[in-house]
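Student: Given chain D, work out where chain X should sit, using these hints.
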Amino acid sequence: MIKADTQKTYRLHLMVCAGTGCVSNHSYEIKSALEREVRKHGLENEVTIVPTGCNGFCERGPILVVQPGNIFYQQLAVKDIPHLVEEHLLKGRPVTKLMYVPPEQKTPVPVLSDIPFFKKQVLIALRNRGLINPEDIEEYIARDGYKAQAKALSSLTPEAIIAEVTRSGLRGRGGAGFPTGLKWQLVRSAQSANGGAKYIVCNGDEGDPGAFMDRSILEADPHSVIEGMVIGAKAIGATAGFVYVRNEYPLAVERVETALKQAREYGLLGADILGSGFDFDIQIKRGAGAFVCGEETALIASIEGRLGEPRPRPPYPAQSGLWGRPTCINNVETWANVPVIIDRGGAWFSGIGTKTSKGTKVFSLVGKINNTGLVEVPMGITLREIIYDIGGGIPGGKAFKAVQTGGPSGGCITKAQIDLPIDYESLTAAGSMMGSGGMVIMDEDTCMVDVARYFLSFTQDESCGKCTPCREGTKAMLDILTRITEGKGTPDDIVLLGDLARVIKDTALCGLGKTAPNPVLTTLDYFRDEYEAHIRHRRCPAHVCRQLNVYKIDAHNCLEKGKGCDVCRRNCSSDAISGSKGQAHAVLQDKCTKCGVCHDVCVFGAVRVE
Amino acid sequence: MPKLTIEELAKTRDRARTKLVMREGGEFRAKVNVHMGTCGIAAGARAVMTALIDEVERRSLRDVLLTSSGCAGLCSQEPMMTVEISGQAPVKYVNLNAQKAREILENHVLGGAIVRGYALGIGSEKTDV
Numbered sequence: 000m001i002k003a004d005t006q007k008t009y010r011l012h013l014m015v016c017a018g019t020g021c022v023s024n025h026s027y028e029i030k031s032a033l034e035r036e037v038r039k040h041g042l043e044n045e046v047t048i049v050p051t052g053c054n055g056f057c058e059r060g061p062i063l064v065v066q067p068g069n070i071f072y073q074q075l076a077v078k079d080i081p082h083l084v085e086e087h088l089l090k091g092r093p094v095t096k097l098m099y100v101p102p103e104q105k106t107p108v109p110v111l112s113d114i115p116f117f118k119k120q121v122l123i124a125l126r127n128r129g130l131i132n133p134e135d136i137e138e139y140i141a142r143d144g145y146k147a148q149a150k151a152l153s154s155l156t157p158e159a160i161i162a163e164v165t166r167s168g169l170r171g172r173g174g175a176g177f178p179t180g181l182k183w184q185l186v187r188s189a190q191s192a193n194g195g196a197k198y199i200v201c202n203g204d205e206g207d208p209g210a211f212m213d214r215s216i217l218e219a220d221p222h223s224v225i226e227g228m229v230i231g232a233k234a235i236g237a238t239a240g241f242v243y244v245r246n247e248y249p250l251a252v253e254r255v256e257t258a259l260k261q262a263r264e265y266g267l268l269g270a271d272i273l274g275s276g277f278d279f280d281i282q283i284k285r286g287a288g289a290f291v292c293g294e295e296t297a298l299i300a301s302i303e304g305r306l307g308e309p310r311p312r313p314p315y316p317a318q319s320g321l322w323g324r325p326t327c328i329n330n331v332e333t334w335a336n337v338p339v340i341i342d343r344g345g346a347w348f349s350g351i352g353t354k355t356s357k358g359t360k361v362f363s364l365v366g367k368i369n370n371t372g373l374v375e376v377p378m379g380i381t382l383r384e385i386i387y388d389i390g391g392g393i394p395g396g397k398a399f400k401a402v403q404t405g406g407p408s409g410g411c412i413t414k415a416q417i418d419l420p421i422d423y424e425s426l427t428a429a430g431s432m433m434g435s436g437g438m439v440i441m442d443e444d445t446c447m448v449d450v451a452r453y454f455l456s457f458t459q460d461e462s463c464g465k466c467t468p469c470r471e472g473t474k475a476m477l478d479i480l481t482r483i484t485e486g487k488g489t490p491d492d493i494v495l496l497g498d499l500a501r502v503i504k505d506t507a508l509c510g511l512g513k514t515a516p517n518p519v520l521t522t523l524d525y526f527r528d529e530y531e532a533h534i535r536h537r538r539c540p541a542h543v544c545r546q547l548n549v550y551k552i553d554a555h556n557c558l559e560k561g562k563g564c565d566v567c568r569r570n571c572s573s574d575a576i577s578g579s580k581g582q583a584h585a586v587l588q589d590k591c592t593k594c595g596v597c598h599d600v601c602v603f604g605a606v607r608v609e
Numbered sequence: 000m001p002k003l004t005i006e007e008l009a010k011t012r013d014r015a016r017t018k019l020v021m022r023e024g025g026e027f028r029a030k031v032n033v034h035m036g037t038c039g040i041a042a043g044a045r046a047v048m049t050a051l052i053d054e055v056e057r058r059s060l061r062d063v064l065l066t067s068s069g070c071a072g073l074c075s076q077e078p079m080m081t082v083e084i085s086g087q088a089p090v091k092y093v094n095l096n097a098q099k100a101r102e103i104l105e106n107h108v109l110g111g112a113i114v115r116g117y118a119l120g121i122g123s124e125k126t127d128v
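Taken in order, these protein sequences are the chains called D and X.
Taking numbering that gives the first Met the number 0, the leading residue of the first sequence gets 0, the next gets one more, and so forth.
Taking numbering that gives the first Met the number 0, the leading residue of the second sequence gets 0, the next gets one more, and so forth.
Only chain D is shown next, with the shape it has when bound in the complex (with noise of 0.2 Å):
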């Protein structure tokens, strides 16, 4: 193993992504390949080798980025490795057939920031992307980490770090986009009970669907958030935190136990922090996956070791939080923001972004979309710059349709308001919302019915069943939905919904069911004619929902081009197609079962879907 040693100059850094989508892309594999031939070279002196938190362009790992030079390579496999470093590390020849081509052009962008997908981006909370080793504190001090925590300790009073937070403008990333400034300062003036305790609290419950911000984040940058909490701890007055994180991010629960050890070794956390008489200590709550958890009186329950249920707000966790004291929750990206907030001023910070909605959001782009991957972008960006300038477009030249912000409690938003400049008032204006960053882009050959399903079916699912509006309603709901794709709706069963929706949202416990009707509302809304074609004319427009189609042989194609080919009737399990080798083949409706696989297993494009 070659081991970056931090009192050595080299030449080269090769930035390899250790991100989980790389991760699982074998970018460790890669990492070993490298190793081996830069030893094979005799170069182990002059390039290190370092592993980072996820760089973003995840469309394209495992990724390898060869500093200085900012030189991008992508997709690679390990049978590339050997050219590679025989070509630019020892021969000076940056390698081309390995670089990225945009979609629908032909020449390879070999830097980093002359590609697209980084060029319109603005890092703040993913400032430390691809450059650093996030089990490597020092990588993360030598980027100015932990000066923002020293200034705070050292020279700013509780009130004065309040301030600059509420200057700058910084809300919640989680989704609601509350205040955090405002919140510290009713966490910081909530009179605690039984000696005065209060508590900070990162919330990592990240579940929605296609989202993994925080998960790339905790990955990539754990230091950034325990800063974040430690400047929090100074300014509430709190003495202990806890990072709530799923289980099932395995990677993230690693290497925020590696950070919190390390920052504890260098006295940047527990007594005495830096010398300046302040305490404060973070530990690690695992969560067993429920969506749920990610509601803040439901995640206090869940640390506290109780079912994890939400309760009635008020009191609100400000008041009486985790064992009843004022507890202080925010979610991992606005802790991340707060280090550079304190180190650069709220002013500086609130320059970025709309006059609501300040500084950076990250998001992670989801769905028909060619660049999928994580990407920051300032407050007041449009969808349009987001989908076609960062993402590239929808992937074969198919038409964009609509787009789902806010995961399963958002809403989807049209091609009609696709310059809709992103905030958190523009998107909730539009019938969706913030969230905490999931962005799932959906082309003309989604279904809306069924995606309104799908969402519905995610939160059924998750829905903890405290409270009758969400544990029944959203059955109900759900159970119109599929009826709706299967075809046996009825023309009632639109106002139903609608009514429903309407009641569920106006009396659920807690977030996930006063949200949970939303992607069936702003479908209604929007794409009240899928809806129609659904019961009127038992027809799914966008061929999605399998048991409203007809499928039909072309009797001309089928013999022409195919020669009556058979492969749909052998492969047909319930009989339902007539015709032998060198006839043309029909579809006995009778018999069809609706399942598609005619239409999947024939190569001449005889099978139509109507």
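Hints were generated in silico from the structure; no laboratory data involved.
Treat the hints with care, since some could be wrong.
Stated by the list, open to error - In silico negatives: residues of chain X with every beta carbon more than 10 Å from chain D: (1) I5; (2) A9; (3) A41; (4) S67; (5) V93; (6) K99; (7) E102.
Stated by the list, open to error - Derived pair list, reagent style EDC-like, types lysine to aspartate or glutamate, alpha-carbon separation capped at 20 Å: (8) D/K397 / D/D444; (9) X/K10 / D/D135; (10) X/K2 / D/D271; (11) X/K2 / D/D444; (12) X/K2 / D/E308; (13) D/K260 / X/E7.
Backbone N, C-alpha and C fix where the C-beta goes; we use that ideal spot for every residue, glycine too.
Tutor: For chain X alone, coordinates are given in the frame of chain D:
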């Protein structure tokens, strides 16, 4: 690891920074390219490279990019290196050793004066890094 004070944190930061500056990109004052083909290495290019890395480290240079390339075609005059100062034509040096490389770094790369005694000529093919 003894626990840090605020002053020691600042010292740790300065020490750790020298390693990281190479990763952060930015403008380079100069690019020094050591030709490390089989011929170059056989003639002693490794000693030239090691000397340059040592100088860059000793002087904490943050804007000099050291790179290597293959055979430059003049195998008889290896070890060779090319110095490219931004905005100027590249200069090729021949028949080098560690000491000559250190002189070139000091006089040409940092001082701006071409070391004529070791230079082959001005102008060269460019490499992209």
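Student: Sort out which numbered hints this structure fails and list those numbers smallest first.
Tutor: Numbers 1, 2, 4, 11, 12, in rising order.
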